[in-house]
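Q: Residue-level listing of the chains:
2 protein chains.
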Amino acid sequence: MSLSRLNAAIGKINDVLCAASVLVWDSRTMLPKGGAVVRAGQLATLSLMARDLLLSNETRQALDGARREVESLADDDAWRRAVLRVEEAIALHRRVPAELIERKTKARAIGTAIWIDARANDDFASFAPALAEIVAVSRDYADAVGWSTHPYDVLVGLYEPGDTIADLSSLFDELKRGLKPILDAALARPRPARDFLDEPCPEEKVKAAARMLTEVLGYDYEHGRLDKTVHPFAISFTREDVRITMRLGERSFANSLFGAMHETGHGLYEQNVDPGFTRTALTTDLVGLHAGGGASLGTHESQSRLQENHIGRSRDFWRAHFGRMKELLGGLDGIEADAFHRAVNAVAPGLIRTEADELTYDFHIMLRVELEAALLKGDLEVADVPGAWNEAMKRHLGVSVPNDREGCLQDVHWASGAMGSFCTYTLGNVMAAQLFETAQQKGEGVAFGLAKGDTAPLCLWLKENVWRHGKRFTRDELLTRATGRALEAGPYLRYLGAKYGNGA
Amino acid sequence: MSLSRLNAAIGKINDVLCAASVLVWDSRTMLPKGGAVVRAGQLATLSLMARDLLLSNETRQALDGARREVESLADDDAWRRAVLRVEEAIALHRRVPAELIERKTKARAIGTAIWIDARANDDFASFAPALAEIVAVSRDYADAVGWSTHPYDVLVGLYEPGDTIADLSSLFDELKRGLKPILDAALARPRPARDFLDEPCPEEKVKAAARMLTEVLGYDYEHGRLDKTVHPFAISFTREDVRITMRLGERSFANSLFGAMHETGHGLYEQNVDPGFTRTALTTDLVGLHAGGGASLGTHESQSRLQENHIGRSRDFWRAHFGRMKELLGGLDGIEADAFHRAVNAVAPGLIRTEADELTYDFHIMLRVELEAALLKGDLEVADVPGAWNEAMKRHLGVSVPNDREGCLQDVHWASGAMGSFCTYTLGNVMAAQLFETAQQKGEGVAFGLAKGDTAPLCLWLKENVWRHGKRFTRDELLTRATGRALEAGPYLRYLGAKYGNGA
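Line by line, the protein sequences give chains U and H.
For the first sequence, numbering that gives the first Met the number 0 assigns the number 0 to the initial residue and increments by one for each residue that follows.
For the second sequence, numbering that gives the first Met the number 0 assigns the number 0 to the initial residue and increments by one for each residue that follows.
Some hints could be false.
Which copy? The list can't say, so a pair holds if one copy fits it or any two copies do.
[Said to hold, decoys possible] Below, a list of computed lysine-lysine pairs in the PhoX-like style, where the Cα atoms sit at most 25 Å apart:
#1 K105 - K32
#2 K227 - K206
#3 K451 - K393
#4 K441 - K451
#5 K32 - K462
#6 K105 - K376
#7 K393 - K325
#8 K227 - K462
#9 K325 - K376
#10 K227 - K32
#11 K451 - K462
#12 K179 - K105
#13 K393 - K441
#14 K179 - K498
#15 K32 - K204
Hints listed in this document are in silico derivations from the structure and should not be mistaken for laboratory results.
Given these sequences and hints, build the entire structure.
A: This is the structure in structure tokens:
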């Protein structure tokens with residue numbers, strides 16, 4: 000009774016957050032230019048209302064009753080965890096004043112709108128004030144929540160609960176040590192031909208191929224859609240309506256398609272949560288005040304990287320599906336599946352994170368985390384970001400950055416206020432390998448299916464072990480239940496070593 | 000001080016209602032099929048929240064203060080009227096229980112989703128239960144608000160404040176008497192050639208022509224966009240983002256284009272309201288719980304009919320713009336502006352309201368109002384709607400209805416719960432003629448501009464006399480200020496008589 004009262008209260012919050020997500024989706028895909036400022040205000044209102052509802056007497060009374068009701072349940076019972084998620088979120092939000100939330104929401108919306116133009120015009124200076132406000136808001140947020148070692152820990156914890164910059168540094172050190180010899184080995188080999196990946200291809204043909212591939216991977220268009228945006232993303236308005244987007248242009252069809260497969264991974268996670276969790280704390284990120292979300296953002300990212308890399312960059316997948324893709328795209332005359340597979344696995348340090356190969360990708364992340372932490376601590380000024388970015392690109396990957404469009408303006412993340420979230424990409428890579436290794440070893444028919452390009456058995460395993468649980472388990476609980484171990488870099492380095500190392 | 004507190008409270012309500020409108024727009028243009036049910040729940044939550052905010056102690060306390068603050072202002076001062084609009088809305092909503100609002104919102108969303116399929120499949124039976132629920136909810140609503148003569152009066156009053164079925168019947172009688180001889184005269188003449196209006200034309204070309212025409216009429220794409228829907232509509236998320244939609248298919252390009260010009264009229268009204276009224280009770284329909292809205296729905300319709308008919312069906316407009324339209328469409332070989340003008344003014348009783356000529360259009364409305372009133376009073380069962388529809392089409396226009404798709408399933412209005420709103424189309428026709436007659440006689444440069452196809456001076460006159468006022472004045476106040484007289488049928492019958500009557 001009290002639990003259903005709590006679920007009703009959270010359901011209302013979920014409705015408001017889903018509405019906000021529709022407005023976000025619209026603002027990135029459909030919004031006329033003149034509507035951006037008013038839209039930011041509307042989003043601020045919805046965000047504040049969600050927070051007010053969470054902190055309302057109604058919700059807190061329902062929580063008190065529900066807490067007593069679930070006391071006798073198993074510690075990991077879904078509804079005991081739902082109650083816990085509400086408690087955690089209330090504890091956090093009570094520390095953050097409403098004005099700060101409102102400021103953050105506005106800074107994000109305005110930042111995103113300005114970034115679109117700044118990126119198009121390679122004009123960092125026009126974006127700098129918006130970024131400065133985002134950094135200031137993020138720091139004020141960290142201070143309000145409270146921190147002991149590093150303010151950045153608060154931001155990381157919003158996306159990857161419990162993780163700190165110290166944890167990340169230790170993982171990053173292990174990865175750098177492990178990746179270096181594999182990267183050296185890969186770069187010592189002759190590069191495969193990949194010019195045909197830049198063959199011009201009409202947008203509608205690329206979109207048709209993306210539609211086919213995302214369907215092959217299991218994305219459900221009865222409950223989703225695929226649209227064009229500057230930066231691809233996935234977004235959920237409950238499991239019944241989960242949308243993905245992709246870049247579309249005349250060039251780089253492969254980049255567009257791998258982006259779409261990436262977002263498909265996010266989409267599958269959201270579309271396959273337990274239907275009984277809809278509109279509850281197990282499908283609502285009450286900390287981040289977003290609809291949807293899995294065990295952590297890193298966990299979410301593991302699902303997108305798994306689809307993009309472990310499936311999308313595997314030879315077997317293309318042996319099964321290259322022919323249909325080629326037909327839909329037209330062109331690619333004389334190119335066979337294996338040549339395509341080699342091309343999309345070519346290793347070369349480059350400028351753009353979303354175009355990076357598997358061996359250099361994590362260096363892009365380490366760079367961003369380094370800069371974010373320094374911005375947050377006040378060790379780096381916003382005006383110095385382009386210089387620091389370019390220096391770090393040189394240091395990590397030996398690459399010279401010719402302009403900010405292909406440098407520090409390339410990602411939407413800072414513009415959209417997601418300071419602290421970049422680490423989750425590398426955490427996702429690590430988790431993806433850990434889950435994929437176990438799925439292949441233990442999942443019924445998984446390896447057999449993948450050998451034929453059929454991901455259905457893998458989907459079943461992922462649904463059972465990851466997707467259906469929503470926010471019920473923490474990241475490490477989920478990993479331990481699925482693989483027997485908490486987060487570890489081993490499977491990731493093994494996977495990359497086997498694919499690209501000296502023995503490959 | 001109290002007034003700004005009230006405006007802040009209403010601003011928040013406007014944000015919630017704008018968010019709801021974005022969800023409505025999305026559900027008609029973008030929503031994947033599987034998302035409809037959850038979306039209905041989200042809309043219900045937003046609608047209830049807007050109502051709760053309106054009836055909250057915060058708003059009512061702010062209202063008490065604001066009422067004292069505006070007491071000394073002129074009776075027609077904008078802010079005194081803003082306070083009055085809040086009072087009127089609170090008085091109404093206090094009578095309507097929350098459950099009924101929730102039921103109404105759900106019935107509308109589900110009704111719309113089901114109607115789309117029912118119309119496509121010509122399957123009235125599948126729509127009947129949804130319609131029955133909409134009628135039941137509408138009747139319960141009328142009973143809750145209270146009525147003396149006819150329950151339908153309550154519904155009409157939601158759209159056209161103060162009007163009753165008795166007022167409508169009297170206006171309709173005058174129109175029937177006046178229209179009959181004009182229609183007879185028009186039908187006695189040979190019909191102009193109009194086959195070329197059905198020339199197939201690719202969707203993207205029709206859309207390009209619509210884009211050009213809507214821009215010529217003054218619609219601002221920095222603050223708007225044009226999309227494809229089954230049933231065209233206009234919707235506002237504040238004056239900064241006002242969207243219009245149009246039908247698009249391979250056939251009937253002219254019908255598509257006139258629909259777009261129609262919605263442009265609605266769009267212009269919303270885009271040109273006084274910017275100082277944004278997010279206040281003067282740009283929020285607090286009675287209907289919608290963002291935007293003018294003096295009344297009939298007033299809004301007058302602006303769309305003015306663009307569609309008085310401008311869009313005038314010879315001078317096409318002498319100026321036909322060439323460009325023809326270029327964008329391709330085809331129409333050998334057709335000149337005057338032939339096009341004659342074709343789009345051809346008179347013939349037909350099945351479809353949105354395709355009806357100016358002389359038969361109002362009969363479509365009278366039929367619907369007749370049926371609605373009977374449904375509301377309980378004199379007509381939902382199951383008997385197709386029969387009653389077909390009988391009335393025969394009686395009013397002598398037309399036989401071959402199927403429900405082209406009969407009682409043709410409009411979205413009932414599906415979307417807008418019982419009582421159809422009368423506003425005819426009220427809009429009458430007002431459009433009244434305003435247009437005065438604008439031509441008294442508006443600086445209006446007649447001169449229109450003779451060259453330039454509507455800019457007319458836009459200025461309409462902005463000054465209609466658009467900028469938002470919900471400040473009532474319909475008859477607005478008409479009296481602009482034309483010197485309250486609503487009257489004379490100018491409309493004079494306009495039609497001159498264009499189509501025996502002397503034409």
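Q: All hints are to be evaluated individually against the structure, with a verdict given for each.
A: Hint check results:
1. Taking the shortest alpha-carbon separations for K105 and K32, only the intra-copy value of 16 Å comes in at or below 25 Å, while the best inter-copy value is 32 Å.
2. For the identical chains of this complex, K227 and K206 are neighbours both inside a copy (9 Å) and across copies (19 Å), given an alpha-carbon limit of 25 Å.
3. In this assembly of identical chains, K451 and K393 lie within 25 Å of each other by CA distance neither inside one copy nor across copies; the values are 41 Å within and 63 Å between.
4. With identical chains, the CA atoms of K441 and K451 are at most 25 Å apart within one copy only, with a shortest distance of 18 Å there and 77 Å across copies.
5. When the C-alpha separation of K32 and K462 is checked against a cutoff of 25 Å, the pair qualifies only between copies, where the shortest distance is 23 Å, while the shortest distance within a copy is 40 Å.
6. For the identical chains of this complex, K105 and K376 are intra-copy neighbours only, at 22 Å inside a copy versus 49 Å across copies, given an alpha-carbon limit of 25 Å.
7. In the homo-oligomer, the alpha carbons of K393 and K325 never lie at most 25 Å apart, since the shortest distance is 37 Å inside one protomer and 57 Å across protomers.
8. Proximity of K227 and K462 under a CA criterion of 25 Å is satisfied in neither setting, with 28 Å inside one chain copy and 36 Å between copies.
9. Neither within a single protomer nor between protomers do K325 and K376 lie at most 25 Å apart by alpha-carbon distance, with minima of 49 Å and 62 Å respectively.
10. For the homomeric pair K227 and K32, the shortest alpha-carbon distances inside one copy (16 Å) and between copies (20 Å) are both at most 25 Å.
11. Taking identical chains as interchangeable, the C-alpha atoms of K451 and K462 lie at most 25 Å apart only when both belong to the same chain, with a minimum of 20 Å there against 66 Å between chains.
12. Taking the closest pair of Cα atoms, K179 and K105 never come within 25 Å of each other, the shortest separation being 41 Å inside a single copy and 58 Å across copies.
13. Proximity of K393 to K441 under the C-alpha cut-off of 25 Å is found in neither arrangement, the shortest distances being 42 Å within a copy and 71 Å between copies.
14. In the homo-oligomer, the alpha carbons of K179 and K498 lie at most 25 Å apart inside one protomer (14 Å), although the nearest pairing across protomers, at 83 Å, exceeds that limit.
15. For the identical chains of this complex, K32 and K204 are inter-copy neighbours only, at 24 Å across copies versus 28 Å inside a copy, given an alpha-carbon limit of 25 Å.
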